[in-house]
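Line order of the protein sequences matches chains A and B.
Per the working numbering, the very first residue in the first sequence carries number 1; after that it's consecutive.
Per the working numbering, the very first residue in the second sequence carries number 1001; after that it's consecutive.
Treat the hints with care, since some could be wrong.
[To be verified] Just so you have them, the derived chain A footprint on chain B, three or more residues with Cβ under 8 angstroms: (1) 1043–1053; (2) 1122–1130; (3) 1269–1283.
[Said to hold, decoys possible] Facing chain B, from chain A, some residues (calculated, C-beta under 8 angstroms): (4) Pro66; (5) Leu70; (6) Ile109; (7) Asn112; (8) Glu124; (9) Val126; (10) Asp127; (11) Leu128; (12) Gly129; (13) Gly185.
Simulated from the structure, these hints should not be mistaken for laboratory data.
We treat Cβ as the ideally placed atom computed from N, Cα and C, and that holds for glycine.
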Amino acid sequence: MSETSEPSLFAALSDAVLNMDEDAARENAIRVIRERIDAYRAIEHGLVDGMNRAGQLFEDEEYFIPEILLCSDAMYAGLDILDPHIDRSRQRLRRKVVIGVVEGDTHDIGKNLVKTLLDAAGFEVVDLGRDIPPARIVDTAINEQADVIALSTLMTTTMDGMSEVIELLKAAGRRDALKVIVGGGPVSQAFADRIGADGYAPTAPAAVKLLQRLFEESAHA
Amino acid sequence: MVETTPKQRLLDTLEGKTSDRPPVICMGGMMNASIVEVMNSSGYTLPAAHDDADLMTSLAGAIQAQTGFENLGVPFCMTVEAELLGSSIDKGSLACEPKIAREAFASVEQVVYRDIDEMIEGGRIRTVTSATGKLSRSHGHLPVIVSMTGPVSTAASIVEPMNFYKQLRKNPAAAHRLLEYVTTLLIRFAEESVRAGADVIAIGDPSATGEILGPAMFREYAVRYLNLLTEAVRKLGAPVILHICGDIEMVRFLLPDLKANALSTDAMVNLARLKEEFPQITTMGNLSTYALEWSSPEKIALQTGKLVEDGIDIISPACGLSTSTTLANIRAMTGTVKGS
Chain A
1 MSETSEPSLF
11 AALSDAVLNM
21 DEDAARENAI
31 RVIRERIDAY
41 RAIEHGLVDG
51 MNRAGQLFED
61 EEYFIPEILL
71 CSDAMYAGLD
81 ILDPHIDRSR
91 QRLRRKVVIG
101 VVEGDTHDIG
111 KNLVKTLLDA
121 AGFEVVDLGR
131 DIPPARIVDT
141 AINEQADVIA
151 LSTLMTTTMD
161 GMSEVIELLK
171 AAGRRDALKV
181 IVGGGPVSQA
191 FADRIGADGY
201 APTAPAAVKL
211 LQRLFEESAH
221 A
Chain B
1001 MVETTPKQRL
1011 LDTLEGKTSD
1021 RPPVICMGGM
1031 MNASIVEVMN
1041 SSGYTLPAAH
1051 DDADLMTSLA
1061 GAIQAQTGFE
1071 NLGVPFCMTV
1081 EAELLGSSID
1091 KGSLACEPKI
1101 AREAFASVEQ
1111 VVYRDIDEMI
1121 EGGRIRTVTS
1131 ATGKLSRSHG
1141 HLPVIVSMTG
1151 PVSTAASIVE
1161 PMNFYKQLRK
1171 NPAAAHRLLE
1181 YVTTLLIRFA
1191 EESVRAGADV
1201 IAIGDPSATG
1211 EILGPAMFRE
1221 YAVRYLNLLT
1231 EAVRKLGAPV
1241 ILHICGDIEM
1251 VRFLLPDLKA
1261 NALSTDAMVN
1271 LARLKEEFPQ
1281 ITTMGNLSTY
1291 ALEWSSPEKI
1301 ALQTGKLVED
1311 GIDIISPACG
1321 LSTSTTLANI
1331 RAMTGTVKGS
């Protein structure tokens, strides 16, 4: 078999994710290992690049939830193969995010998207799932020494749980140790301001950008 | 001159006839008005009223009497269909609505197809139809609305939703089979409801928004099966209200294809503009439920008045009401429409 150049292999991985092709993601990931190409770079420039492009198509309203879910399946298929081969010394510091859907709401499409895109963007994500009591979200964030709590809801009726999380953090004296971001259908910037959240994002790709911006700001503060 | 009853007014409006003023209603189901204040003062409470036809009847009556909404709406959740189809339900509490605890199937391919005629005899369909009959007999001047969960949302409540959404694209044949099955059940549920005395069938399909599916899949899965259900219900002689969640921008051009008598939308949709663009659509909505929970009666009255001025055909909340919404705010809404 002929040696494939790094750029074309990375492009193939990226395309596999964009085209929702799990098999192609696996095949190309195996070629990365076989050809002794740096797995970390293959993830960054291949799989993550593909997921970023998919996220862009989502923002452009060309891809929708079903497509993004299939893209993320392809990304994880490649990641499963490449991840064990990463040179651990190359790992940069990863910010830890505890993510969940607040109690009362069993919708988690949005949350799953944010999780996937944060994962792709290099955040470490602890996913609590859906319908989670505020106290459990806060306890987990404190125990995990998380940097961020990301909360989602699709229902007006469960928005109070978001403010409860912030109140519990304050009560525990940990409000300043963590950033809290909120999102989901009925949530708005005005609501985020009212409950004292650090930020609001209307879409999953925007949530990633929001966190990147918040940490840039705090790095320069 | 004989005064128009609320039932006649709503039915006229749904038929596209002009009326003295818009009806002000709350359709039940995902958009029910079983607020804590009404439950505490009436003593008819959830979650018990989800399972007991007499309690469901009494609570629906108390909601109508206290809020001033011009209809009776049952049930108070959107889990009746999913429960029947095998999902396990957490019935919630007084203040928290029921939800799917676990979907019946992990994937679209694993769905076990059962005999719908046998199924229809079980579960809470009987509770709903029994309450419908009682309400229809005791409140002749008011329309009884039975609210159902739309096909896509029902399907996404019996199959793990992430798998369901993926299979819409990956395995359309299996997805269509599931949606046909679910729609057949919903048609049977509607038949039983109309037979029991329901005047109007309302459908809410929150998992089938343009934002989630995009226009192509909205057309292929949402419009198709919503219309199948709507046409079957209209053949029974009952009008249909369809509530579409979220922003409709992306699927705006598909809205005239929907066969429902009236379209209800979320708060972010400009209904006056929608009316202008599609004069043939009977519009319903769309007072912000966020405002209903947090704002004051004075502001609610202003916002409601604006909807009436804009010529919105039926005034109603834009989404599911929070159970902590105050009666004063709801009354400001219903009172404003009635005084208009």
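Hint check results:
no. : hint      : result
1   : 1043–1053 : violated (count 0)
2   : 1122–1130 : violated (count 0)
3   : 1269–1283 : violated (count 0)
4   : Pro66     : 4 angstroms, holds
5   : Leu70     : 5 angstroms, holds
6   : Ile109    : 7 angstroms, holds
7   : Asn112    : 6 angstroms, holds
8   : Glu124    : 21 angstroms, violated
9   : Val126    : 18 angstroms, violated
10  : Asp127    : 12 angstroms, violated
11  : Leu128    : 16 angstroms, violated
12  : Gly129    : 12 angstroms, violated
13  : Gly185    : 6 angstroms, holds
Hints 1, 2, 3, 8, 9, 10, 11, 12 from the list above are not met by this structure, while the remaining hints are.
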